[in-house]
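Q: These are the residues of each chain, in order.
2 protein chains.
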Amino acid sequence: MSKSSKSTNVVWHESTITRAEREAMHKHKGAIIWFTGLSGSGKSTLSHAVEDILHKKGCSTIVLDGDNIRHGLNGDLGFSDDDRVENIRRIGEVAKLFVEAGVIVLTAFISPFRTDRDRVRGLVTPGDFIEVFCDASLDICEQRDPKGMYKKARAGVIKEFTGISSPYEAPEHAELVIDTGAADLATCAKLVDSYLKQHHIVHR
Amino acid sequence: MSKSSKSTNVVWHESTITRAEREAMHKHKGAIIWFTGLSGSGKSTLSHAVEDILHKKGCSTIVLDGDNIRHGLNGDLGFSDDDRVENIRRIGEVAKLFVEAGVIVLTAFISPFRTDRDRVRGLVTPGDFIEVFCDASLDICEQRDPKGMYKKARAGVIKEFTGISSPYEAPEHAELVIDTGAADLATCAKLVDSYLKQHHIVHR
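In the order they appear, the protein sequences are chains A and B. Its first residue numbered 2, the first sequence is counted upward by one per residue in this note's numbering. Its first residue numbered 2, the second sequence is counted upward by one per residue in this note's numbering.
Careful: at least some of the hints might be erroneous.
No copy is singled out in the list; a pair is fine if it fits within one copy or between any two copies.
Below, in silico cross-link-like pairs of lysine-lysine (DSSO-like), each with a Cα-Cα straight-line distance of 27 Å or less [stated by the list, open to error]: (1) Lys198 with Lys160; (2) Lys58 with Lys160; (3) Lys152 with Lys28; (4) Lys28 with Lys198; (5) Lys152 with Lys198; (6) Lys28 with Lys57; (7) Lys57 with Lys191; (8) Lys148 with Lys198.
It is worth saying that the hints were derived from the structure and are not from the lab.
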């Protein structure tokens, strides 16, 4: 290692790998697949099923969901209106970084408010944000109630629970609307995969 | 798509791709390469130079620095003590998500406080966090002053500037200490690359 003081005047050239170069290496595009829907509508399960398909094709992927976000990055946030907005904002910004890395990021959050979801859409280039509405009826979600949340919400133990005591604003222009209340998982996952192929996010 | 109400009782099996599976696909491990040092010590330039080497080998990478963090995820934070702690905390949590995705994430932030850096180290498995101290003296950094920040700090225009009016706590157990004040960029970048090979983060 040269210790000459002369070298301190050397201008270090900044080399920057671009998103396009990372995508070329991965052989697919970066994108946000944003699953939205009621609790119990199948967002998390479907996101993992789609990731499974993509991974088997050699795609670089990550799922963001309550498990890795609420206990980590957003562990400081509660469930007030402000905190819910901030929760989705941060997830959007992190998702954008993954897109920059050329990764397909699948997010599984209720994200009940249109303005919050549209703000994330606005962070990235058109086409990078794929909104997938997991369209299962409240009846079906409440019947499933995998974590007993609806029961608690009906009993008033949980306040402001989406669908019960807080509104869910269904997407008006989702890229995909999937009947996760009736269709089987493999069928739902294939719909997302087909969309990604049709829109040249993945190439096979 | 089956619309039979019977299928609403089907339990959707949760498939989850693991970090190890993503790493196997990428053919390298995920890791955080955490560059720390004074303003002007070469953190950002070095991180991009290392990314360049890794990308050419086919590694999946991303650089987190002021450009993509301060204007995005941490755009709501100022420069108070609390906000500086929160800034590094969030960067650490995001870096952890990239490790989970099997990506090599290079971070370039002054990150002057030992406790903040050590908290990030504690978020991940030993070996996943590689602290690289960009060890250029204050004299050299101030001489370089690429953005005119030291001049403003000396004039009192910028308050609490690291090295001038706020302390920089040098790492005590950094994985790498690099003399970015004297050595040329290619030499510095190779030191990091060699470390990654020796520690089996990358395999060639």
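Q: Okay, which hints does this one fail, numbers in order?
A: Going through the list in order, the structure violates hints 1, 2, 3, 5, 8 and respects the others.
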